[in-house]
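Whenever a hint applies, use it, and build me the whole structure from the sequences.
Under this note's numbering, the residue at position 27 of the sequence shown is numbered 27, and the numbers go up by one with no gaps.
Just so you know, these hints were derived from the structure itself, not from any lab.
The reader is advised that the hints may include incorrect statements.
Said to hold, decoys possible - Simulated crosslink set (DSSO-like; lysine-lysine; CA at most 30 Å straight-line):
| hint | residue 1 | residue 2 |
| --- | --- | --- |
| 1 | K26 | K118 |
| 2 | K133 | K26 |
| 3 | K173 | K126 |
| 4 | K126 | K26 |
| 5 | K133 | K173 |
| 6 | K149 | K118 |
| 7 | K118 | K133 |
| 8 | K173 | K149 |
| 9 | K26 | K149 |
| 10 | K173 | K118 |
| 11 | K103 | K118 |
| 12 | K103 | K133 |
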Amino acid sequence: DSGPVGMTGTGGAVLIATGSRIVPVKSLDQIYAQAQGMHFVLLYKVRQWASVSHGCFAFMPEHSNGKKRGAKHVSPSSSVEEEGKPSDKAATKPMFLEWSHAKTDAALAERLRFGRVKTVDRAIEKALRSYNKDVSRLVDVCRQMIIFKEVQHLNQCLEAMEGDDHVVVERVKNRMDPSYDASLTVGYRDVMVNLRIVSNETRFLGLDMHVCE
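Okay, structure coming up:
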């Protein structure tokens, strides 16, 4: 017996296969223990993918009263300049900064805002409202977001993810597809990828079955 093997079932449920038995994860504590461990693994990966695809992250301008905030969805008006560097507009609003400009500048990198693990209250609300208390279907507890100025940059990132030997893609939801009815999300479009990161490190830590977004 080589030990438990992770699988993805109907609706994206995370399952554990032990011997001949396949059972869904029923413990929210287990999901959060894995999500907290996976957070920094996923963050390392998204920075790698952003480096090769002109990816951007939420960025707080210098004159923002020094307050640290979580990453937010940002309106198109709060964008980056032509070179991917922050503009002087909307000094107190989150903007986007290309990772390739921030990764070599500690002062800029410190003002980037990355995704955080989903709050427990929100996870419980979603499990009750959408999944009939089935916590195994919570596949976005550990999540990150990369922003792109151009569709080709998005494609480059997806290619980098596909070519990553440690990534197992479980599901792709493409809201950029012309057939997608954007009115369902009030005009918002994105490409959502659910994935697992399977490496010697994540296997050793018991994180290789955890699905991220």
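Hint-by-hint comparison with the structure:
no., hint, in the structure
1, K26 / K118, "holds, 17 Å"
2, K133 / K26, "holds, 9 Å"
3, K173 / K126, "holds, 18 Å"
4, K126 / K26, "holds, 15 Å"
5, K133 / K173, "holds, 23 Å"
6, K149 / K118, "holds, 26 Å"
7, K118 / K133, "holds, 17 Å"
8, K173 / K149, "holds, 19 Å"
9, K26 / K149, "violated, 39 Å"
10, K173 / K118, "holds, 19 Å"
11, K103 / K118, "holds, 25 Å"
12, K103 / K133, "violated, 41 Å"
The structure fails hints 9, 12 (numbered hints given earlier, in ascending order).
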